[in-house]
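K.L.:
First to last, the protein sequences are chains A and B.
Just so you know, the UniProt record's numbering puts 149 at position 149 of the first sequence, and the rest follows in order with no gaps.
Just so you know, the UniProt record's numbering puts 288 at position 288 of the second sequence, and the rest follows in order with no gaps.
It cannot be assumed that every hint is accurate.
To be verified - Taking lysine-lysine pairs in the DSSO-like style, the calculated list, with each CA pair at most 27 Å apart, reads:
no.: 1; chain 1: B; residue 1: Lys-297; chain 2: B; residue 2: Lys-190
no.: 2; chain 1: B; residue 1: Lys-196; chain 2: A; residue 2: Lys-267
no.: 3; chain 1: B; residue 1: Lys-369; chain 2: A; residue 2: Lys-305
no.: 4; chain 1: A; residue 1: Lys-273; chain 2: B; residue 2: Lys-33
no.: 5; chain 1: B; residue 1: Lys-190; chain 2: A; residue 2: Lys-205
no.: 6; chain 1: B; residue 1: Lys-369; chain 2: B; residue 2: Lys-201
no.: 7; chain 1: A; residue 1: Lys-267; chain 2: B; residue 2: Lys-297
no.: 8; chain 1: B; residue 1: Lys-369; chain 2: A; residue 2: Lys-54
no.: 9; chain 1: B; residue 1: Lys-33; chain 2: B; residue 2: Lys-305
no.: 10; chain 1: B; residue 1: Lys-45; chain 2: A; residue 2: Lys-45
no.: 11; chain 1: B; residue 1: Lys-267; chain 2: A; residue 2: Lys-45
Stated by the list, open to error - Pulled from the structure, derived: some chain A residues nowhere near chain B, Cβ distances all over 12 Å:
no.: 12; residue: Leu-29
no.: 13; residue: Ile-110
no.: 14; residue: Glu-204
no.: 15; residue: Asn-211
no.: 16; residue: Ala-302
no.: 17; residue: Lys-341
no.: 18; residue: Glu-345
Don't read these hints as lab results, they were simulated from the structure.
Positions of the beta carbon are idealized from the N, C-alpha and C atoms, including for glycine.
Protein chains: 2
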Amino acid sequence: MFDYVIIGAGFAGSVIAERIATQVNKKVLIIEKRNHIGGNCYDYKDENNIIIHKYGPHLFHTNNKEVFDYLSNFTDWRFYQHRVLAFIDGKNVSIPFNLNTLYEVFPKTIAEKLENKLLGKYKYNSKISILSLLKEKDDDLKFIANYVYEKVFKNYTAKQWGLKPEEIDAQVTARVPFYISRDNRYFTDKYQAIPKKGYTKIFEKMLNHPNIKIMLNTDFKEVCQLKDDEFYLFGQKFEGKVIFTGMIDELFNYKFGELPYRSLDLKLETVDKEWFQKVATVNYPNDYDFTRITEFKHIHPANSKRTVILKEFPKPYEIGKNIPYYPVFTKENRELYNKYKKMAEKTKSLILVGRLAEYRYYDMDDVIKMALKVFEEKVK
Amino acid sequence: MFDYVIIGAGFAGSVIAERIATQVNKKVLIIEKRNHIGGNCYDYKDENNIIIHKYGPHLFHTNNKEVFDYLSNFTDWRFYQHRVLAFIDGKNVSIPFNLNTLYEVFPKTIAEKLENKLLGKYKYNSKISILSLLKEKDDDLKFIANYVYEKVFKNYTAKQWGLKPEEIDAQVTARVPFYISRDNRYFTDKYQAIPKKGYTKIFEKMLNHPNIKIMLNTDFKEVCQLKDDEFYLFGQKFEGKVIFTGMIDELFNYKFGELPYRSLDLKLETVDKEWFQKVATVNYPNDYDFTRITEFKHIHPANSKRTVILKEFPKPYEIGKNIPYYPVFTKENRELYNKYKKMAEKTKSLILVGRLAEYRYYDMDDVIKMALKVFEEKVK
Ligand SMILES: Cc1cc2nc3c(=O)[nH]c(=O)nc-3n(C[C@H](O)[C@H](O)[C@H](O)COP(=O)(O)OP(=O)(O)OC[C@H]3O[C@@H](n4cnc5c(N)ncnc54)[C@H](O)[C@@H]3O)c2cc1C
Ligand SMILES: Cc1cc2nc3c(=O)[nH]c(=O)nc-3n(C[C@H](O)[C@H](O)[C@H](O)COP(=O)(O)OP(=O)(O)OC[C@H]3O[C@@H](n4cnc5c(N)ncnc54)[C@H](O)[C@@H]3O)c2cc1C
């Protein structure tokens, strides 16, 4: 009846389903816990006629032509270059921190001095890690490195990961760059674009195929079982391949313990004016409890007198209470993950792919690239 | 795993699923051929921000308080009284044909004369069938009866059912009434209302329950089988009850032949002006090949500078080519239906309900009432 079972209808599951249906003409059953397809990329039009990204703002950007061309089969694009400001010392200034930002933050004389020092030392359009700036002997370079680290990264990272500022691993965060440039864009990838009608339409188009059946609102545990390294579907042994994009610890009933994730409380607000802020996203590294505010009209233009904004409040993930968004990368967690992975390898028909199943932070383009690769190498 | 299987996610299937999930706390699998829930009542918001009824205009009206209260669990209402005009002799006039219409159609002196004759003979606010008017001795009453029959009903009926005007059974159509009243409303039911956010939202709310699983894009024949009067699901004998709301002849592979239906070619047009016509629906009994034009903004107010209209062109139903909308009531077809029904009775677990499975023209309120009854008497 079905040749493949896929658990999860995000990009990982949907791309593989689409490939199976169209490239090898086999039948797929997708099982998805939520009441919609699209995973964390799901969006919808609200009562203000504004497209909202339900699980946080999603900006597509890639240098991978193959991925861009593949997605272009399912959508027209709006060519959009993402801008982010950061609220620093009472002012919204451009980030990634670059030469323009110097002039936005400091009095002109200081900005000029810093700019000249930087340009004297580094190539224009290069990205210099804060870490290497801190190692410079020059006091001005040290000063600017410290400033960026303290004002832009330290507290933001602490909020995001729920750490005290002193717990932040300076070595890691100091890898973030100072951008010796006047380029104010948040990303510099070759392909930056927004699907004209939103992401959900992409998934609808991908999955609209007679070979693909979808069960929404269905936790895989309701209809599948892994027993003695064999996979069962609707109580019958399932002979085909199983592509799993959910949480690997859940698949094994948390046998070795829980893999930690960060979650977010996402608070949507409708504001009764035409615009709320100058750009799509403003980060709040030091103020308030949210990390950033996104205004969706900048991402998807809309004909509305109101505007909708989203505040993101980071939280620990708790099973059944909120959604696991970001894996927490520590050596310990990686080892725990590997235990599960080894366990999974015993079930020959099982293929793990995606953000949750691989416990990796994937951007959309990465996960699509990986899904296309997994299809070629392991699925078809 | 599942206690019930329901085939079809229109009102018949969805109401029963909702009752099973919430009243007896059992598990249901719904199998639906289309890529959406809601059956023929499905609607969506288009790019003009206008709610469109994909399968033709749906106006909810009922005298049944139980049905109205039940539906009110799933929606807020906009209280809306439906108006229909008919394009007669180059002018849009009110229907059902009533005393106002006389003045819209005829010169004042004639209208007054006809009105006085009608009021002299019949009670105000009564509905008189064209048939009984034709039997009157008075020439004026005969004249108006004939006029209404010829101009409003005959050709409309011919278009709708694909007959030549001379093939129309005058006896049947002449049952339609002349309304001795100044009430221009199309329906006179006590409860007339439109779901504030459209019909699809009702279905989403009804079916959003952990006990309900839905497979869209799935013809029941892909996953179920009826063999030796037993029902099979995913290749296994299914022990629970099966609620079937699809076409009964299809269920039995057209064993005794096809049940005929009328279909419609539905042509949507976006018009670049604020309004297209004065009321929601204008009938075209005598002109053009479509039966009526509906302008959705009258039904669901929308903030748009454009407007969207729908033309309905009746067609015969052809398997696989279009959608079966209206059963064709003839004695012969009823007998054919009964053969299938008898066949179905052999499968003890099988319950037939809805417009297709019962081969009946149900309005929405009727089908909901029937589904609630079937749930109480046969399902739970
Ligand atoms: C807040 C936020 C912002 C982001 N912004 C960007 C961005 O700007 N640009 C970018 O490129 N990427 C961004 N991403 C990353 C992007 O969301 C991921 O790359 C992408 O969603 C990964 O796809 P996936 O299929 O692996 O996972 P998901 O999209 O999470 O899909 C997994 C699916 O599996 C389902 N599932 C889980 N458990 C079960 C179960 N037990 N039973 C059945 N189904 C189950 C889930 O419901 C989900 O639908 C962002 C992510 C987050 C969280
Ligand atoms: C043009 C038009 C206008 C109407 N206007 C009104 C109105 O104004 N007011 C009013 O009260 N009523 C109106 N109705 C009637 C209303 O649509 C019906 O009362 C209602 O849709 C009946 O619900 P149902 O569940 O019986 O059938 P449906 O809504 O037809 O649902 C049956 C479902 O079964 C599915 N199905 C069929 N075959 C299969 C298969 N092989 N496998 C899986 N699934 C299958 C179908 O896809 C469909 O979703 C109108 C009907 C039409 C056609």
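K.L.:
Of the hints stated earlier, which fail here?
P.N.:
Going through the list in order, the structure violates hints 3, 4, 5, 7, 8, 9, 12, 14, 15, 16 and respects the others.
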